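Novice: The residues making up each chain are set out below.
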Amino acid sequence: MINVGIDLGAKNIKIVMVSNGEVIARGITLSGFETKENSTALFDSMLQEHGIARGDISTITTTGSGRKAIDFATNSITEVTAATKGATTLFPTSRCVIDVGAEEGRSIRIDPNGKIIDFALNEKCAAGAGAFIESMGRALELTVETFGPLSLESDKEIPMNAQCAVFAESEVVSLLHSKTEKKDIAKAVNDAVASRIVSMTRKVGFEKDIQLIGGMAKNLGFVDSLKRALDSELIIPDFPEFISAYGAAIYND
Amino acid sequence: MITQFRDWDLNRHAYAKEWKERTGGKVMGYFCTYVPEEILYAANILPVRILGSHEQNDVTEPHIFGMFCPFCRDCLAQGLKGRYDYLDGIMIAQSCLHIRQAYTSWTKHIPIDFQYYLPMPNNVQSPHATPYLTAEYIQFKEAVEKWIGKEITPDDLQRGIDIMNENRSLIHEIYNYKKMDNPPLSGEESMEVAITQQMVDKREHSVAMRKLLDEIAAGGKSTKNTSGTRLMILGSENDDIPFVRMVESVNGTVVTDDHCIGTRYFWNNVEPGEDLITSIAQRYIDRPACPSKDWIERTRIPHILSIAKEFGVKGAIVIQQKFCDPHELDIPAIIKSLNANDIKTLFLEFDVTVPLGQFKIRVEAFLEMLQEDDLF
Amino acid sequence: MSIPTYKTEALKSWNKAKEIRNDFYKRYQNAHENGGLRWAGGAWSFGAIPCGLGRDIFPITGEPYAAGIAFNKEFSLRCLEATERKGYARDLCAYMRTYWGSIILDEYLYGGKFPKPDFMWQDHVCCSHSKWYQVASELEGGIPTYSIDVAVGPYNSVTESKIDYIVAQMQDGIEWLKKTTGREYNDDLLIEAVNNECRATSAWAEICMYNMAKPAPLDEKTMYSLYVLGTLEKHSKIVADYYEELRDEVKWRVENGISATKHERCRLISDTQPPWGFLDVFRYLEGFGAVSVGSLYTFGLIGVWEDKPDGTWGPRTTPAQKGIKIETREQALRILADWNLSKPEWQHFYSPHLKSDMMIKICQQWQVDGVLLHYNRGCEGLSLGIAENRLALIEAGYPVMAFEGNMGDEREFDATKTMSRIDSFMETLGMKLINQ
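Protein sequence lines correspond, in order, to chains A, B and C.
Numbers given in our numbering equal positions in the first sequence, counted from 1, plus 80.
Numbers given in our numbering equal positions in the second sequence, counted from 1, plus 154.
Numbers given in our numbering equal positions in the third sequence, counted from 1, plus 8.
The hints are simulated quantities; they were obtained by calculation from the structure and are not laboratory data.
Treat the hints with care, as some may be off.
Said to hold, decoys possible - Pair ranges (Cβ atoms, derived):
1) Ser215(A) x Leu113(C): 54 to 60 angstroms
2) Pro265(B) x Gly319(C): 26 to 32 angstroms
3) Lys81(C) x Ser215(A): 27 to 33 angstroms
Predicted model, so just to flag it, every value in this text is computed and none were measured.
From the three backbone atoms N, C-alpha and C, an ideal C-beta is built for every residue, glycine too.
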């Protein structure tokens, strides 16, 4: 039988299909306004592509901020539980999971049995997520793909206000006006977001191993900033943006 | 002329460590300028005000909710990062709620030998505040005596008062020069003198101020342009030297201020009285008020207006630390009064770091507006 | 986990509480009709003192008035925006901004124009307290205002000189009241009010004590509507009598196993004022079988408590219970000052660690499974040190869910996100919605 996990995030819908503990399919599409329709379309196309019959599916578990939008789910769990389940199944030594997506960052502290001890989520007034980096990228005329690698080329430390996205943006504008190099600004932005995420992580307290999941784990510049701010190595799984969907899929096991 | 002050400012921690080694004395970190440093000098303790470093930090989030001012978080971060590891004691005199949290988190998470919360009264307009504060000072003095294992005698107290009064009088002399046209010191330079008042042994600081005054008397003058539009800067705690430097780089000259680093700190002396402790208490009750204590009458407004007049101010930059409630409660009334008295204002909200480029545009526009006034 | 089911029943005295509240606002509005006087001040101000001016002195307290406005989202937003237009910052106390807005718009929540007070009578422990009425007076075109500084440190360090300072301000305040109103001052009325205040605030603590029972006879959402009477007129006979009646009813509920919620299986406490426009958060929690049995806020904002000889927390013994007869003005004022200084919600102004200790004590004594901390952007006073409270509670082994919001500015509360956070928290406690 096949278990399905659907993570309806702020920006993307991610679907993972699991059979006997093995991932057999992954799919991703933009959430858009029509979350329900978009996830149904993705789900159906994945069934078709992988030759899976609807009757082979035993559970469909949703998670993510839009998790209640789907009516064909058999179960629904929160992002915190899904991220923890996915991350600790892949790497059981993880004691802290940092999940940074488009709109939200979260830090979860876990005991050796995989039980959640504490979690924190970023608040309204915090420039701590991918969407912020994207918008800064637009100000710098950089794509998401080039932003991370470019920031790795910089060795400058430029302090930037990470408390408030509006303040931060005006600082980016100031830096552009003063002809600061793009790579240095990109690094400053990554450092600022990493600083916010580390602030939040310190709130729950952390011990090693620390695992980073979510779409932002693919921004190498951000990963580097985070490692430096935490003064620690990070476990980054393959397909980091699919970990919560994976956790949802295997939740019923 | 101000190299010594700038060195002290940049190397504040090294200075305090060196002072400790040299004198064998204790160092007390303090929050808020309502701390009666006279009593600390009487006990041969070096009072050092805890200030921030203007860097972003990721260590205070677990301790202080983000809706409180960036200054209090910056201060706590210095402690958590171990930059004040030489302190023997830490204390606060009660003022606003924000900075209080830096103190209460410090006492819990950073081991220290001595800690003291001094409940400085808020109703400084009541005649009962002075006797109450006197009683609190007596209790505080006893706690310090117990800590240092030595009695603080009336002679000691008189010495503490003299050290503080001399230092305050000298900086007044320096500020008096700033009333002149093209003053001999820029705003950035006088700010360096004022900031270091709060971290350097006042006796050494006074020696350096005398030297500076001698140089000025002998015709010494800043290399900076001080003939810009005369500005006052006022509001929340502000030790942002790069900001003042930026203002002066676009032809503004900061001639005075109403800040707790600056005039609010040094404005008045301890007046002689029958009882030394009462005299010290009276000094802190009478000093230019922090907005958290400026009620029910608004005494700050006539005071600010009179300073503005005395220093020939054309415009005022009103700054506020983000989320600083006490100043937020005063700023609308202050702006209204300044404007009514033909002093134009520019309001800016400060954070740990400020976007200098953006602020520069606003300051330039403000100065252009003031300069146009001069033309017509 | 098996799901318990309990008997529930509406409170018999519920309507009476509502009537007292409505009357309060009407009496204030109509005070001038029979030559009475109106005063405005904070919920913590020493309301017993103006009572000496006569039986026709009617207050309005700013915080509960503004909280009432928060329920009316349209009016609330207009008030907040009116204040912003006057140049006041958006991050100031939400109650204060709302209250000023009601003055600026000259609209009273209960109909008509905002009834101008004859004087303002405030006290000061939070930075915003006296400044609130300083500005309110300016907005009203200059109303005589008096405020008493009570920020003398925590009760565990109280000294005679601290009490002297407060009492001296009170004594001056009485002279100021006489001068401002042109009335004589009657000490018997003051003494009566002080006795009422001690009786009311101790009785409220007694009511909260009954919530130690499992299942809890009251849920916090209900308690909000009851404790509020103390924030209106803690010194009045009406409120003191009502709390004694309510205490007897709550006792009866415990004896008869009447529960506040049908399926109590998880006991929580909260902290600080809730986002008033979104009390359905508590109904949502009920869906999981989770009930908030109170908070330091509902217990100790108005309730006055003391440590009992066995180390537990209980209602503070009133002077009357101790057999003390108050005979003079000075004695009444000293008792009033001392009584209020022991108020639990005044202690954390000096140290969050004192508050953490009290919260942990509540968790133990009320058998609490988890804590919801409202990081309240609307109240710097009660959010003071809340991050340290969180650390201490976790260290003591209590699961904590923190959420940001604002008691009186709905623009700063994200209901959807909060509900989703509750889902996560409940999952970590092993709870699912009961109807699932």
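Novice: Against this structure, judge whether each hint is valid.
Specialist: Going down the list of hints, with the structure as the test:
1. Hint check: Ser215(A) to Leu113(C), Cβ distance near 37 angstroms, so the stated range 54 to 60 angstroms is violated.
2. At roughly 28 angstroms, the beta carbons of Pro265(B) and Gly319(C) sit within the given window of 26 to 32 angstroms.
3. A beta carbon spacing of about 30 angstroms between Lys81(C) and Ser215(A) agrees with the range 27 to 33 angstroms that was offered as a hint.
Figure legend: structure checked against the earlier numbered hints; the only hint not met is number 1.
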